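Order-wise, the sequence lines are chains A and B. Once you know that position 14 of the first sequence is 14 in the working numbering, the rest is easy, because the numbers rise by one and skip nothing. Once you know that position 47 of the second sequence is 47 in the working numbering, the rest is easy, because the numbers rise by one and skip nothing.
It should be emphasised that the hints constitute simulated quantities derived from the structure, not laboratory data. Keep in mind it's a predicted model, so treat the numbers as computed, not measured. C-beta: ideal position from N, C-alpha, C; glycine also. There is no bait here: all hints are sound.
No farther apart than 25 Å at their CA atoms in a straight line, the calculated lysine to any residue pairs in the SDA-like style are these:
{"id": "1", "chain 1": "A", "residue 1": "Lys103", "chain 2": "B", "residue 2": "Val88"}
{"id": "2", "chain 1": "A", "residue 1": "Lys98", "chain 2": "B", "residue 2": "Leu39"}
{"id": "3", "chain 1": "A", "residue 1": "Lys103", "chain 2": "B", "residue 2": "Leu39"}
{"id": "4", "chain 1": "B", "residue 1": "Lys11", "chain 2": "B", "residue 2": "Pro75"}
Derived list of chain B stretches under chain A, where covered just means 3 residues or more per stretch with a C-beta under 8 Å from a C-beta of chain A:
{"id": "5", "stretch": "40-48"}
{"id": "6", "stretch": "100-107"}
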Amino acid sequence: GEDVEQSLFLSVREGDSSVINCTYTDSSSTYLYWYKQEPGAGLQLLTYIFSNMDMKQDQRLTVLLNKKDKHLSLRIADTQTGDSAIYFCAELMNRDDKIIFGKGTRLHILP
Amino acid sequence: DAGITQSPRYKITETGRQVTLMCHQTWSHSYMFWYRQDLGHGLRLIYYSAAADITDKGEVPDGYVVSRSKTENFPLTLESATRSQTSVYFCASSTGGGVGYTFGSGTRLTVV
Numbered sequence: 001g002e003d004v005e006q007s008l009f010l011s012v013r014e015g016d017s018s019v020i021n022c023t024y025t026d027s028s029s030t031y032l033y034w035y036k037q038e039p040g041a042g043l044q045l046l047t048y049i050f051s052n053m054d055m056k057q058d059q060r061l062t063v064l065l066n067k068k069d070k071h072l073s074l075r076i077a078d079t080q081t082g083d084s085a086i087y088f089c090a091e092l093m094n095r096d097d098k099i100i101f102g103k104g105t106r107l108h109i110l111p
Numbered sequence: 001d002a003g004i005t006q007s008p009r010y011k012i013t014e015t016g017r018q019v020t021l022m023c024h025q026t027w028s029h030s031y032m033f034w035y036r037q038d039l040g041h042g043l044r045l046i047y048y049s050a051a052a053d054i055t056d057k058g059e060v061p062d063g064y065v066v067s068r069s070k071t072e073n074f075p076l077t078l079e080s081a082t083r084s085q086t087s088v089y090f091c092a093s094s095t096g097g098g099v100g101y102t103f104g105s106g107t108r109l110t111v112v
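Start from the sequences and build out the full structure, keeping to the hints where you can.
Dropping the structure here:
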């Protein structure tokens, strides 16, 4: 079935890099996304990658896409306390133009 | 104010009551969505709309009703609230074409 899988928790020391991994199901997905949800807030689009790209970098964020393995990752360099949030991986299903979300990875920053 | 707004922010209601959650967007986005967020389930799509007067069921539509008479509004009604509908509800909108969704701040609904 349709499922976007990601681990539920990740703990990282402040200043280290965080890597959040995700696997998706639709090999024909044209867009893949990372959303961030801070406590008590809605989801905010962090970045997205088009399927013909392998990598996208935006300041401290690096997205890697492995289409063969249907694997997406988000790397946050120099993790800061403000990065503490839930990160959702998501894919655009081409057949009905809907976005399917993973269950989210809660990123906890250790001092 | 520009953007997507949900109201109320918090709501407590009793089992069996009808309650309507409001969603308003100012961008004239064609697509609008309603999700519920529950621990252990992530985000689940309740209903979506591709344009005014066009709505369709998502993953968990039972017990909910939507309407979209105007492009900018997409209210979600719980016809007879149950405790299992206690959740955080998010509205989202999009132009379509893969640019991603913009979410509202959510409504925390408690059914007692």
